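Enquirer: Here's the letter readout for the chains.
There are 2 protein chains.
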Amino acid sequence: MVKRSLAIDAMGGDKGPSEIIEGVSLALKGCLKEDTFFIVGNEQVLTPLLREKSLLQNEHIQVVHASEIIEMDENPLKAIKRKKDSSMMRALDLVKSGAANALISCGNTGSLMAGGTIKVRTLPGVERPAIGSIIPSNGCQYVLIDAGANPDPKPEHLVQNAIMGSCYAEATLGIQNPRVGLLSTGTEEGKGTDFIRMVHGSLKNLPLGVIDYRGPVEGFQLFENHVDVVVCDGFVGNILLKTSESLFEMIKSVLKEEMTATPIRKLGAFLARGAFIGMKKKLNPVAFSGAPFLGLKGNVLKAHGSSDRFYIAGAIGMAREVLKKDMLSEIQRKVELANNKNL
Amino acid sequence: MVKRSLAIDAMGGDKGPSEIIEGVSLALKGCLKEDTFFIVGNEQVLTPLLREKSLLQNEHIQVVHASEIIEMDENPLKAIKRKKDSSMMRALDLVKSGAANALISCGNTGSLMAGGTIKVRTLPGVERPAIGSIIPSNGCQYVLIDAGANPDPKPEHLVQNAIMGSCYAEATLGIQNPRVGLLSTGTEEGKGTDFIRMVHGSLKNLPLGVIDYRGPVEGFQLFENHVDVVVCDGFVGNILLKTSESLFEMIKSVLKEEMTATPIRKLGAFLARGAFIGMKKKLNPVAFSGAPFLGLKGNVLKAHGSSDRFYIAGAIGMAREVLKKDMLSEIQRKVELANNKNL
Numbered sequence: 001m002v003k004r005s006l007a008i009d010a011m012g013g014d015k016g017p018s019e020i021i022e023g024v025s026l027a028l029k030g031c032l033k034e035d036t037f038f039i040v041g042n043e044q045v046l047t048p049l050l051r052e053k054s055l056l057q058n059e060h061i062q063v064v065h066a067s068e069i070i071e072m073d074e075n076p077l078k079a080i081k082r083k084k085d086s087s088m089m090r091a092l093d094l095v096k097s098g099a100a101n102a103l104i105s106c107g108n109t110g111s112l113m114a115g116g117t118i119k120v121r122t123l124p125g126v127e128r129p130a131i132g133s134i135i136p137s138n139g140c141q142y143v144l145i146d147a148g149a150n151p152d153p154k155p156e157h158l159v160q161n162a163i164m165g166s167c168y169a170e171a172t173l174g175i176q177n178p179r180v181g182l183l184s185t186g187t188e189e190g191k192g193t194d195f196i197r198m199v200h201g202s203l204k205n206l207p208l209g210v211i212d213y214r215g216p217v218e219g220f221q222l223f224e225n226h227v228d229v230v231v232c233d234g235f236v237g238n239i240l241l242k243t244s245e246s247l248f249e250m251i252k253s254v255l256k257e258e259m260t261a262t263p264i265r266k267l268g269a270f271l272a273r274g275a276f277i278g279m280k281k282k283l284n285p286v287a288f289s290g291a292p293f294l295g296l297k298g299n300v301l302k303a304h305g306s307s308d309r310f311y312i313a314g315a316i317g318m319a320r321e322v323l324k325k326d327m328l329s330e331i332q333r334k335v336e337l338a339n340n341k342n343l
Numbered sequence: 001m002v003k004r005s006l007a008i009d010a011m012g013g014d015k016g017p018s019e020i021i022e023g024v025s026l027a028l029k030g031c032l033k034e035d036t037f038f039i040v041g042n043e044q045v046l047t048p049l050l051r052e053k054s055l056l057q058n059e060h061i062q063v064v065h066a067s068e069i070i071e072m073d074e075n076p077l078k079a080i081k082r083k084k085d086s087s088m089m090r091a092l093d094l095v096k097s098g099a100a101n102a103l104i105s106c107g108n109t110g111s112l113m114a115g116g117t118i119k120v121r122t123l124p125g126v127e128r129p130a131i132g133s134i135i136p137s138n139g140c141q142y143v144l145i146d147a148g149a150n151p152d153p154k155p156e157h158l159v160q161n162a163i164m165g166s167c168y169a170e171a172t173l174g175i176q177n178p179r180v181g182l183l184s185t186g187t188e189e190g191k192g193t194d195f196i197r198m199v200h201g202s203l204k205n206l207p208l209g210v211i212d213y214r215g216p217v218e219g220f221q222l223f224e225n226h227v228d229v230v231v232c233d234g235f236v237g238n239i240l241l242k243t244s245e246s247l248f249e250m251i252k253s254v255l256k257e258e259m260t261a262t263p264i265r266k267l268g269a270f271l272a273r274g275a276f277i278g279m280k281k282k283l284n285p286v287a288f289s290g291a292p293f294l295g296l297k298g299n300v301l302k303a304h305g306s307s308d309r310f311y312i313a314g315a316i317g318m319a320r321e322v323l324k325k326d327m328l329s330e331i332q333r334k335v336e337l338a339n340n341k342n343l
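Same order as they appear, the protein sequences are chains A and B. Note that the numbering used here gives residue 142 to position 142 of the first sequence, counting from 1, and the numbers run on in steps of one. Note that the numbering used here gives residue 259 to position 259 of the second sequence, counting from 1, and the numbers run on in steps of one.
Derived by calculation from the structure, the hints in this document are not laboratory data. Everything numeric in this text was worked out from a predicted model, so none of it was measured. Incorrect hints may appear among the rest.
Heads up, the list lumps identical chains together, so a pair's fine if it works in one copy or across two of them.
Said to hold, decoys possible - Below, simulated DSS-like cross-link-like pairs (lysine-lysine); rule was C-alpha separation at most 30 Å, straight line:
{"hint": "1", "residue 1": "Lys242", "residue 2": "Lys191"}
{"hint": "2", "residue 1": "Lys204", "residue 2": "Lys78"}
{"hint": "3", "residue 1": "Lys119", "residue 2": "Lys191"}
{"hint": "4", "residue 1": "Lys154", "residue 2": "Lys242"}
{"hint": "5", "residue 1": "Lys81", "residue 2": "Lys191"}
{"hint": "6", "residue 1": "Lys96", "residue 2": "Lys191"}
{"hint": "7", "residue 1": "Lys81", "residue 2": "Lys324"}
{"hint": "8", "residue 1": "Lys191", "residue 2": "Lys84"}
{"hint": "9", "residue 1": "Lys242", "residue 2": "Lys81"}
{"hint": "10", "residue 1": "Lys280", "residue 2": "Lys242"}
{"hint": "11", "residue 1": "Lys325", "residue 2": "Lys29"}
Turn these sequences into a full structure, and let the hints steer you where they fit.
Expert: Below you can see the structure in the form of structure tokens.
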């Protein structure tokens, strides 16, 4: 049984520590004897919150004091240099020392990535970490990698992303031999950019058994269950993720506007209200609310800054899953297999 | 008064020539005395279709015979070399010779771009054409440029895209001094890639009066009316456009599924049916269904392969608008202004 000690950056995120403690409280329900939650942050703030939830004496909970907070809009690199005693840096220290097997933070993404890379370091053979994000589709999900960690990658970074994304899909989505696609402007080999053609060439030549590479995929296919892993650079991934979120919000707002434009439509909306709840569950599932920096020696997961208790509990569930499946060892094994071939 | 002679590639697209003729027939309603429609394609196919719509003797209609068709899935470059007598190439010839002021095709995008570049050529000072696509948002629209013509551009190409996109937004959306944003991973200056930082530097240094550059924009802002023109490379633009379409279709299908899951929801959906029609009108407007290859010496517009008569009529309306506003002269004037500064 893998030991599951999770560090929670209790001060990051838009909703503040009380919502994060609520999330931990929810996640505690399914926890095993050996689980430990390191709640990292200002003790004076956290103690009353934990007392309120009757968690102060809980055997699973251990508060780790940190006097500073990295704010959401701080310059990532400056913040990690100046705020050594921030909740995020202290939580990363726990992962670095091995006391915690995984870390969850809703805080400043740039600081978490830079701090994670500096403190936890990358796995042997992996040059740069990448964000793996699970994108909900109609009745299924896929992994988008890189969702924004590395905007200016080399071709070999994308090859590593493909391997890490495949291991991640296997661990969290439970898919055996996930289908991996390379995001391009068309499905034909010659499409896209010089960069994409180079990556495609390398992916085709990976040793058997590393990943199930299905070739280039285009935007039209992203929500049609063609592949389980979509590989792209962090520039495209960041834009894609944010644009999709923006588009989804816009459609929701138009739908709401139209649905409430007349009394009869309002009545219709009321009768069909279950449909909107069903839609939200399908398209905004709480179960996939954490996104790991893949390629690090430890499990560092980012949850959305605006995560509420349910999304925080969901991210904790994801961290448990990647630990249970020992995803890091699997990534390392496959990266080695791929790198040896290239020697 | 600008003469408005439009060439229509009547053989391209998924729905075939009869739907295209229907679209022309719709567009004829608002046309002026001096308008001419060159209907380009196989005369034997087109004559009975035109007769059926009583358009055979119409003073605005002129059939131009072409014996071949470039299929949607043909290799673009091979197709334009082999099929000199295709409807698309013959239509481009009309633009090249000046007989037609604009061309609309629902056919093979790659062939239209390659053929357009070779036959019609780029404006002086413009190196590569870019596709300008109008993206509907909630109660407004923005221009995405480049939506896929040039996946591997140089920084100066994106500067030209910014200028062309601005002129296009002014001509078709009627916006004075459109706000122009550069698509990146954040709104701060240092974000994104080396390439993006170079483009940003050049855009900031454009002479006054060329464009109203508002700096980098991120994905979250694309459907929030921050800017009127979003500048990106053709790789990102193509992926963004296709992914947005795929996401929109997926959301529609989930909504439909959820709305019809129970009899009571079905009743609700029936009562609120006007809302879905309103949504479609807002988010899939027929008025912006053509996308020009900006930077060419002529107006070459691509309509979606699956365009029906209403979308074809919409694309014809757009072509008329860019002619009325004399967009090409405006692009040329501003590109010259920008290029002289750089000398």
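Enquirer: With reference to the structure, classify each hint as holding or not holding.
Expert: Against the structure, the hints come out as follows:
no.	hint	in the structure
1	Lys242 x Lys191	both (24 Å within a copy, 15 Å between copies)
2	Lys204 x Lys78	between (41 Å within a copy, 26 Å between copies)
3	Lys119 x Lys191	between (39 Å within a copy, 23 Å between copies)
4	Lys154 x Lys242	both (23 Å within a copy, 25 Å between copies)
5	Lys81 x Lys191	between (43 Å within a copy, 19 Å between copies)
6	Lys96 x Lys191	between (42 Å within a copy, 28 Å between copies)
7	Lys81 x Lys324	neither (33 Å within a copy, 58 Å between copies)
8	Lys191 x Lys84	between (46 Å within a copy, 24 Å between copies)
9	Lys242 x Lys81	within (28 Å within a copy, 41 Å between copies)
10	Lys280 x Lys242	both (18 Å within a copy, 23 Å between copies)
11	Lys325 x Lys29	within (21 Å within a copy, 66 Å between copies)
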